[in-house]
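Q: Each chain, letter by letter, is given below.
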Amino acid sequence: MTEDDALERVVKILTPHVRNEEALANVSAETNILDDLKVNSARLVDVVLAFEDEFDIEIPDEDVDSVNTVGDCVKLIVGKAN
Amino acid sequence: MIGNDIVDLNDPETQKNAHHPRFDGRVFSRSELMRLRLSGAPHRLRWILWAAKEAAYKAMKKIHPNLIFSPVRFVVQLDQTLRGSVDCPKGSLDVSVTEEATSIHAIAASAAMDEQTILSGAEWITSETDGNAQQPSQAARALALRSLERRLELPRGTFSIEKHDRIPVLFQHGVRSEFDLSLSHHGQLVAFACEIGERKALKEAHA
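Going line by line, the protein sequences match chains A and B. Just so we're aligned, residue 1 is where the first sequence starts under my numbering, counting upward by one. Just so we're aligned, residue 1001 is where the second sequence starts under my numbering, counting upward by one.
For the record, the hints were derived by calculation from the structure and aren't laboratory data. Misleading hints may appear alongside valid ones.
Cross-link-like lysine to aspartate or glutamate pairs, in silico, EDC-like; alpha carbons within 20 Å at most [to be verified]:
1. LYS38(A) x GLU1178(B)
2. LYS75(A) x GLU21(A)
3. LYS1061(B) x GLU52(A)
4. LYS75(A) x GLU52(A)
5. LYS1090(B) x ASP61(A)
6. LYS1061(B) x ASP63(A)
7. LYS1090(B) x GLU62(A)
8. LYS1061(B) x ASP61(A)
9. LYS1163(B) x ASP63(A)
10. LYS38(A) x GLU58(A)
11. LYS38(A) x GLU1013(B)
12. LYS1062(B) x ASP35(A)
13. LYS1016(B) x ASP1094(B)
14. LYS1061(B) x GLU62(A)
15. LYS38(A) x ASP56(A)
16. LYS1061(B) x ASP65(A)
17. LYS12(A) x GLU1013(B)
18. LYS75(A) x GLU22(A)
19. LYS38(A) x ASP1165(B)
20. LYS1062(B) x ASP61(A)
21. LYS1163(B) x ASP35(A)
22. LYS38(A) x GLU1099(B)
23. LYS1163(B) x GLU1153(B)
24. LYS1062(B) x GLU62(A)
25. LYS1062(B) x ASP65(A)
26. LYS1090(B) x GLU52(A)
27. LYS1090(B) x ASP65(A)
28. LYS38(A) x ASP5(A)
Given the sequences, and given the hints that come with them, work out the whole structure.
A: In structure tokens:
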């Protein structure tokens, strides 16, 4: 799986939970999931569970804590899935 | 240190079945899952427990900056009055939860829960709420500042709030205050909690 492929699928999963449409329209690897996209912490749990389902991986809370941006997210997923 | 969390039960995010089917299993401890199964109002209890965990994490993170938010490891114990404790990986905090028909507000503190030393509040965002209806974080700040200055009988503009490492910090005339502050917002609700400690001393220092 390439990072571009993962990015597309990550953004698709994030989209229903985003509260800042403008940030979503300009999403990039540098976009912060909490501060820019305004995904709240309860929704972040749903997002992580959806990532686990989509990519058939396990993401422990310790890994979630190290993820700030969409790019962090993509790297974590690609690293676990490949 | 203090932390708080507000939940808007009218928000689409908090409706039944709005979350992933494995949400409860990921977030709640075995004892909490048992309480949810036995509860007559599991949906409401779910958000009470979540808010208590969030509030405890916010308070504990200030003491232990490297603390990881692993909700299942923040175990909530509440009595009938919704007061109790949250056992965290780094210790235990007192917690108090206030529930209304459409909201839940949890406050966790490392000091004793005392209405004389902890000031808190919550309000719905309206178009008149300081003109910040589109920016809930600004509305939460405005509520905290207004409430603090009113309670301490200090002039408007005495306090300001800045974020340091994503954590709000209270300043008094530009000098960092010893009073610890926590802000939160969710849906159409904003809230705050502040350890005001010996408020007389603050007033005398200001005078």
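Q: State for each hint whether it applies.
A: Tested hints:
Pair hint LYS38(A) plus GLU1178(B) does not hold up; C-alpha atoms about 29 Å apart against a cutoff of 20 Å. About 23 Å separates the Cα atoms of LYS75(A) and GLU21(A), which puts this hinted pair outside 20 Å; it is violated. The straight-line distance between the Cα atoms of LYS1061(B) and GLU52(A) is roughly 26 Å, outside the 20 Å bound, and the hint therefore fails. The hinted pair formed by LYS75(A) and GLU52(A) meets the criterion: a straight-line CA distance of about 14 Å does not exceed 20 Å.
Our distance criterion of 20 Å between C-alpha atoms is met by LYS1090(B) and ASP61(A), whose separation comes to about 16 Å. This hinted pair checks out: LYS1061(B) and ASP63(A) have alpha carbons roughly 17 Å apart, not beyond 20 Å. This hinted pair checks out: LYS1090(B) and GLU62(A) have alpha carbons roughly 15 Å apart, not beyond 20 Å. A hinted pair counts as satisfied when its Cα atoms are at most 20 Å apart, and LYS1061(B) with ASP61(A) qualifies at roughly 15 Å.
Taking the CA atoms of LYS1163(B) and ASP63(A), the gap is about 24 Å. The hint is violated against a cut of 20 Å. Proposed proximity of LYS38(A) and GLU58(A) is contradicted: the alpha carbons are some 24 Å apart, above 20 Å. Between LYS38(A) and GLU1013(B), the direct Cα distance comes to roughly 13 Å. Compliance with the 20 Å bound is thereby established for this hinted pair. Distance restraint check for LYS1062(B) and ASP35(A): the Cα-Cα separation of roughly 19 Å lies within the 20 Å cut-off, and the hinted pair is therefore satisfied.
Distance check on the hinted pair: LYS1016(B) and ASP1094(B) sit about 28 Å apart at the alpha-carbon level, beyond 20 Å; violated. Under the criterion of a C-alpha separation no larger than 20 Å, the hint pairing LYS1061(B) with GLU62(A) is consistent with the structure, at around 15 Å. Restraint check: the Cα-Cα separation between LYS38(A) and ASP56(A) comes to about 26 Å, which exceeds 20 Å; the hinted pair is violated. Note on LYS1061(B) and ASP65(A): the hinted pairing holds, with a Cα-Cα distance of about 12 Å set against a maximum of 20 Å.
About 18 Å separates the Cα atoms of LYS12(A) and GLU1013(B), which keeps this hinted pair within 20 Å; it holds. As the CA atoms of LYS75(A) and GLU22(A) are separated by approximately 24 Å, the hinted pair breaks the 20 Å bound. Using a Cα cut-off of 20 Å, the hinted pair LYS38(A) and ASP1165(B) holds, with the two alpha carbons roughly 16 Å apart. Distance restraint check for LYS1062(B) and ASP61(A): the Cα-Cα separation of roughly 19 Å lies within the 20 Å cut-off, and the hinted pair is therefore satisfied.
Restraint check: the Cα-Cα separation between LYS1163(B) and ASP35(A) comes to about 12 Å, which is no more than 20 Å; the hinted pair holds. At roughly 25 Å between alpha-carbon atoms, LYS38(A) and GLU1099(B) are farther apart than 20 Å, so this suggested pair is violated. A distance of roughly 25 Å separates the Cα atoms of LYS1163(B) and GLU1153(B); the hinted pair therefore is violated under the 20 Å criterion. Distance check on the hinted pair: LYS1062(B) and GLU62(A) sit about 18 Å apart at the alpha-carbon level, within 20 Å; holds.
Restraint check for LYS1062(B) and ASP65(A): the C-alpha separation of about 16 Å stays at or below 20 Å, so the hint holds. Between LYS1090(B) and GLU52(A) the CA atoms are separated by roughly 28 Å; this puts the pair beyond 20 Å, and the hint is violated. Pair hint LYS1090(B) plus ASP65(A) holds up; C-alpha atoms about 16 Å apart against a cutoff of 20 Å. For the given pair, LYS38(A) sits about 23 Å from ASP5(A) by alpha-carbon distance, which is inconsistent with the 20 Å threshold.
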